[in-house]
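Colleague: Here's the letter readout for the chains.
Number of protein chains: 4
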Amino acid sequence: MNHFGKRLCVSTFGESHGAGIGCVIEGMPAGVPLHVKNIQAWLERRRPGKTPYATARKESDTVQVLSGVFEDLTTGTPIALFIPNENQKSSDYGAVKELFRPGHADLTYWKKYGLRDYRGGGRSSARETAARVAAAGVVEALLEALNIRVQSGICAIGEVLGETVDFEHAKASEIFALDPTCEEAQKATILAAKNSHDSVGGSALVRIVGAPAGLGEPLYDKLDARLAEAMMGINGVKAVEIGEGINAARLKGSQNNDLMSANGFLSNHAGGILGGISSGAPIELRVHFKPTPSIFHAQPTQDIHGNSVTCNLKGRHDPCIAVRGSVVAEAMAVLVVADMLLLNMGSTIEQVKKLYM
Amino acid sequence: MNHFGKRLCVSTFGESHGAGIGCVIEGMPAGVPLHVKNIQAWLERRRPGKTPYATARKESDTVQVLSGVFEDLTTGTPIALFIPNENQKSSDYGAVKELFRPGHADLTYWKKYGLRDYRGGGRSSARETAARVAAAGVVEALLEALNIRVQSGICAIGEVLGETVDFEHAKASEIFALDPTCEEAQKATILAAKNSHDSVGGSALVRIVGAPAGLGEPLYDKLDARLAEAMMGINGVKAVEIGEGINAARLKGSQNNDLMSANGFLSNHAGGILGGISSGAPIELRVHFKPTPSIFHAQPTQDIHGNSVTCNLKGRHDPCIAVRGSVVAEAMAVLVVADMLLLNMGSTIEQVKKLYM
Amino acid sequence: MNHFGKRLCVSTFGESHGAGIGCVIEGMPAGVPLHVKNIQAWLERRRPGKTPYATARKESDTVQVLSGVFEDLTTGTPIALFIPNENQKSSDYGAVKELFRPGHADLTYWKKYGLRDYRGGGRSSARETAARVAAAGVVEALLEALNIRVQSGICAIGEVLGETVDFEHAKASEIFALDPTCEEAQKATILAAKNSHDSVGGSALVRIVGAPAGLGEPLYDKLDARLAEAMMGINGVKAVEIGEGINAARLKGSQNNDLMSANGFLSNHAGGILGGISSGAPIELRVHFKPTPSIFHAQPTQDIHGNSVTCNLKGRHDPCIAVRGSVVAEAMAVLVVADMLLLNMGSTIEQVKKLYM
Amino acid sequence: MNHFGKRLCVSTFGESHGAGIGCVIEGMPAGVPLHVKNIQAWLERRRPGKTPYATARKESDTVQVLSGVFEDLTTGTPIALFIPNENQKSSDYGAVKELFRPGHADLTYWKKYGLRDYRGGGRSSARETAARVAAAGVVEALLEALNIRVQSGICAIGEVLGETVDFEHAKASEIFALDPTCEEAQKATILAAKNSHDSVGGSALVRIVGAPAGLGEPLYDKLDARLAEAMMGINGVKAVEIGEGINAARLKGSQNNDLMSANGFLSNHAGGILGGISSGAPIELRVHFKPTPSIFHAQPTQDIHGNSVTCNLKGRHDPCIAVRGSVVAEAMAVLVVADMLLLNMGSTIEQVKKLYM
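Chains as they are written, first to last, in my numbering: chain A, 42 to 398; chain B, 42 to 398; chain C, 42 to 398; chain D, 42 to 398.
Derived from the structure by calculation, the hints contain no laboratory data.
Watch out, some of these pointers could steer you wrong.
[Said to hold, decoys possible] DSS-like, lysine-lysine: derived pairs with alpha carbons at most 27 Å apart:
| id | chain 1 | residue 1 | chain 2 | residue 2 |
| --- | --- | --- | --- | --- |
| 1 | A | Lys395 | A | Lys47 |
| 2 | B | Lys355 | A | Lys293 |
| 3 | D | Lys91 | D | Lys78 |
| 4 | D | Lys152 | A | Lys47 |
| 5 | A | Lys235 | A | Lys99 |
| 6 | A | Lys152 | D | Lys47 |
| 7 | B | Lys91 | B | Lys235 |
| 8 | A | Lys212 | A | Lys235 |
| 9 | B | Lys394 | A | Lys293 |
| 10 | B | Lys293 | A | Lys138 |
| 11 | A | Lys395 | D | Lys138 |
| 12 | B | Lys99 | A | Lys293 |
| 13 | B | Lys293 | A | Lys99 |
| 14 | D | Lys293 | C | Lys355 |
| 15 | B | Lys394 | D | Lys47 |
| 16 | C | Lys91 | C | Lys78 |
| 17 | D | Lys293 | D | Lys138 |
| 18 | C | Lys47 | A | Lys395 |
| 19 | B | Lys293 | B | Lys99 |
The shape of chain A in the complex, shown without the other chains (with noise of 0.2 Å):
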């Protein structure tokens, strides 16, 4: 229930206004490099208080390795990862103790267990991420050692749509946009929700390229099936798409079909992906984020007593969630890839004879 993965396994713990959060990573190959620089680098990228575009709580994301490391390699033993959280201001949500916050999981958790840690949303907050992109800092290495890579950035903002790709420029934006030309739009974007009291939604591109052919358990593995329940299960998202995505839905087969040559293919509508199993192409999807629902307007909702109340909120917030967010987008596609890397194997006799034999 809250692990994610088969072959690689990643289970998180932890709320945000705990002791901290972590995870556990199950079934990582021995020998991989593991060193803490590396996960410590993907967390400063998701990191908090950097930036006017992010939330103003500051943590420094300090990782702990409680387990599955010797002489800086994986042992293939679980890897333990440990973040203390530092800067909750728990005082912030006195006032939210007992009504629903509009668009958070507040009711929800209610309803399902009858009881709930109102403090910063507990385990609902999206402090848990942090958790997956430490992960995705040990597990990167995998993919690095077979020249595969996932890069990430923004494609919109509100209504402000980016065309041109250019993950190299979103790297080094605060806002890791991936069109420089409308970048300034999108930032501003950002800051007129923000000034308004308000939030803004976003999309975020994840690409991957390296990916072997063949990855992808048909059918209730496919490797398409597996990206979206990853995205889909990243706070926030309400949307996930492959290569054309929607746009697929209003073309035509002649239009949409991905035709070859002994060259390999001519275009990639299918996202790199057919039959739910990998085929040497880029991979492509985007992924898209609801705006903050910590907005900061008097809000009419109900409380745990069922009456009609009021939602004012404090707190720090991201104005839109978009931004950190296609961060953890890109983490978990690097679990994913990783684990079905590794389901992969085994697929064939051949296989099979070439590892024992």
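Chains B, C and D: place on chain A using the hints.
Modeller: Chains B, C and D only, in chain A's frame:
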């Protein structure tokens, strides 16, 4: 790898041109009425060969219940269903034995497994979805006992987008059209594609009414994540949206948040899911299908030896897979909701005591 | 709930007096030879009705391969097998419709499910094990390709304990006796029980030769734990021993440790498993079956209304389930080892590189 | 791979000489009281360094609860526990860095992973079982709420076999002896082994009282199969018996069947399980531990280069792992029963209606 669900688990098997297709349903509670005619009614909705909008392949799709039932009640043991193939024409496929049909899984199965059953796509054929639909015909009785209803229909064919949503109309429509005012235009779009030896994409809407609050297991079996996985795993699906979907990424928080009063939600942008858990509001999702890859144009492609060749298809194919695909999407929603209902049992100590003390 | 294995997964279905029994094998690598005669040979060893030492129920146990094979090779997709029931005599069971047969699962199925298929034990019948044996008939080819051999035989019937272990002799023995010197005494024990309308217990030995070192996933998919689970899950098994087994609890460390030289192990008290992982030495386990609960004495019992009643059984039953049970134990060992072989792939970065680079 | 349980799932992590050991418990219902002192009480029973019958390694085994609890109640979210290592002496292990200790997992980890953390056995150390015991300290509260009690004790040390079973006596005994009349002989056996630089095996009995009928999911999550898996997965266990165990294989059906009257069972040879499902009678199992492999004799072995060498161990070791192992067996029984309780929810439509309507 070939099963779906955690507490209510469906495994399917079979190929387009083998003996038949079938499934095993595990975890179905005992004491649920099981009547073959209900399964048959589901299969009838998906069955090919009935209208000009679907493939001419004629299959009676007669289901055999091999196990798990005694005196018309489920026994709690595995329910095996089998649907023999009747109308396969393997001779149609001799010409494609050694080439990769564009837009199909031929290349990826070849790359993954080193061999493939080339007759009608083998396992990757959409014929497999009959087994899922049959499973829904069994599982639906569980939802009915709880007054949960799942509905589906077509909201778009190519660029003809419906606006109104009338599930009753869809039931009687040959293309399951939700909007009566554009049904004819949608039909015409399909026939135009068919007559030009082409195909066209389309979009389906699925709505789940009456599901209790509390379904979905955070963080990695979230209801929306599981629905996304289920839908993206259907043949030809390239995008999944929950509630407001992609549009949420264009909005502000003040527009997208669902406010509440003592009477409940005042809107449903969230599509009935918050934090991955059902809220009690109707659950809504849109599923987008690519155009059928099988078209009757000469298409450049590659063969299994790596040569450039031309693909000229024969055979009988749906000009728009979205139509029959909408029934599959509805079936998958039935399976996900039933699984989540069972998984949710035991979320609180009160529930556990209620059953055991 | 009704499937076994993680990477190579077998789901079974069917009841004693329903249409038949079957299974679905998922995760079998592509390209493995699959011949019906091999499955049939396994079924023949387990088949009832051949000797005075087994039930008189006559079943031809003719298997149908419903999917997953193309041109006599596995395709990597699910392999469904079905064995129709032929010789059920449901009329034998009218008298036990409302009572709980001592030693059977009648009471527990009733308590769990609130209803039961009382004909021949329904799902709880040992007839289900034919499906497992058929699965082994498919999977064995994978082990053969790696020169791994699984063997079994009977080491004890009641109090007649064999000493020598001769698997070749067992193959030709009607009761699969491992020790030729006490085979006749073991046969006489079975017949004596049968003639007094009683039954008798027995013990089987399973040996796996040629399995590579490294199989088993610590800490919770240990090879010995998985073997214990597999064996204890066979109808009537009440104890499982690995290597020295219970006797290890009586020894000193200096007696039980397997010392080594450059040539390998000097003994095999461990039964080929250390720390849950195979060591390369032969894997040995003993499996202990209770006597058949179906006996033809008048037995006090309870009925479904809670009354004291007397159970007088009719029907045809094995006087000693251990005999045919030993074939099931061998089959389960085949399934566990194959699963572990596939799960082990990807344990090191070197293995991953070997397959992908 | 490193988690245990399906609906209530425990993942453990950590090594003997790393930062510490811990676990994540998923699927625990919300609203269960969680007090650190209860966990600590379980750890205290397993804690080393207290008596002459256990290793002298001194660990305070102080647990930290990292997540999943709010105001002393479980929240339904993952509960992470961590126990820092304090008293590791890695210097003891320099001499064994390159050799395989007889009876240990050194060789198999090396073969599987190509490297190993040689300090104290790393992940294969029995120190990992502290994490399981801590998990039981959390989960036990769920069983207590349902009046289910799990008990354990030692029934044999080497060849000194106890006859009477007194769980109250066992609680107060330094070696958890069940039979007061042979406790001294059992203690003497341990000390004799210790004084001769050797070790000795032993056997534990676990009894579960108050478990409702209906636990266990046929056919492949049978309660006895899951118990066998859990027990055989404990370090050093070589045999598991349910109820009559091996002795059942020596009996006749007329001796082994548990007859019934209107008042219930008249005997309990079955050990409370029929057809893999609990019957309501007490569940009983015996678990057999090999002697500690670490002994202080010179032992011929192999090194990682394949040479014959002599192993001379230092360090601090239990002379009889069965003693503290019995607490681990009890802990695993707690985890299995709780998992099965939750898995069983939803076995009938009546149960489902009871919760949802």
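Colleague: Determine for every hint whether it applies to the structure shown.
Modeller: Hints versus structure:
Between A:Lys395 and A:Lys47 the alpha-carbon distance is near 23 Å, which keeps this suggested pair within the 27 Å criterion. At most 27 Å may separate the alpha-carbon atoms for a hinted pair to count; B:Lys355 and A:Lys293 meet this at roughly 18 Å. Restraint check for D:Lys91 and D:Lys78: satisfied, since their Cα atoms lie roughly 19 Å apart, inside the 27 Å limit. Using a Cα cut-off of 27 Å, the hinted pair D:Lys152 and A:Lys47 holds, with the two alpha carbons roughly 23 Å apart.
Distance check on the hinted pair: A:Lys235 and A:Lys99 sit about 18 Å apart at the alpha-carbon level, within 27 Å; holds. At roughly 23 Å between alpha-carbon atoms, A:Lys152 and D:Lys47 fall within 27 Å of each other, so this suggested pair holds. Using a Cα cut-off of 27 Å, the hinted pair B:Lys91 and B:Lys235 holds, with the two alpha carbons roughly 15 Å apart. Our distance criterion of 27 Å between C-alpha atoms is met by A:Lys212 and A:Lys235, whose separation comes to about 23 Å.
Using a Cα cut-off of 27 Å, the hinted pair B:Lys394 and A:Lys293 is violated, with the two alpha carbons roughly 56 Å apart. Note on B:Lys293 and A:Lys138: the hinted pairing holds, with a Cα-Cα distance of about 25 Å set against a maximum of 27 Å. For the suggested pair A:Lys395 and D:Lys138, the alpha carbons sit about 30 Å apart, so the restraint of at most 27 Å is broken. For the suggested pair B:Lys99 and A:Lys293, the alpha carbons sit about 25 Å apart, so the restraint of at most 27 Å is met.
Distance hint between B:Lys293 and A:Lys99 is fulfilled; the C-alpha atoms sit about 25 Å from each other, no more than 27 Å. Between D:Lys293 and C:Lys355 the CA atoms are separated by roughly 18 Å; this keeps the pair inside 27 Å, and the hint holds. Among the hinted pairs, B:Lys394 with D:Lys47 is consistent with the structure: their alpha-carbon atoms are about 20 Å apart, no more than 27 Å. The straight-line distance between the Cα atoms of C:Lys91 and C:Lys78 is roughly 19 Å, inside the 27 Å bound, and the hint therefore holds.
With a C-alpha separation of about 53 Å, the suggested pairing of D:Lys293 with D:Lys138 is violated against the 27 Å cut-off. As the CA atoms of C:Lys47 and A:Lys395 are separated by approximately 21 Å, the hinted pair is consistent with the 27 Å bound. For a cut-off of 27 Å, the pair hint linking B:Lys293 to B:Lys99 is broken: about 50 Å separates their Cα positions.
Checked against the numbered hints given earlier, the structure breaks hints 9, 11, 17, 19 and satisfies all the rest.
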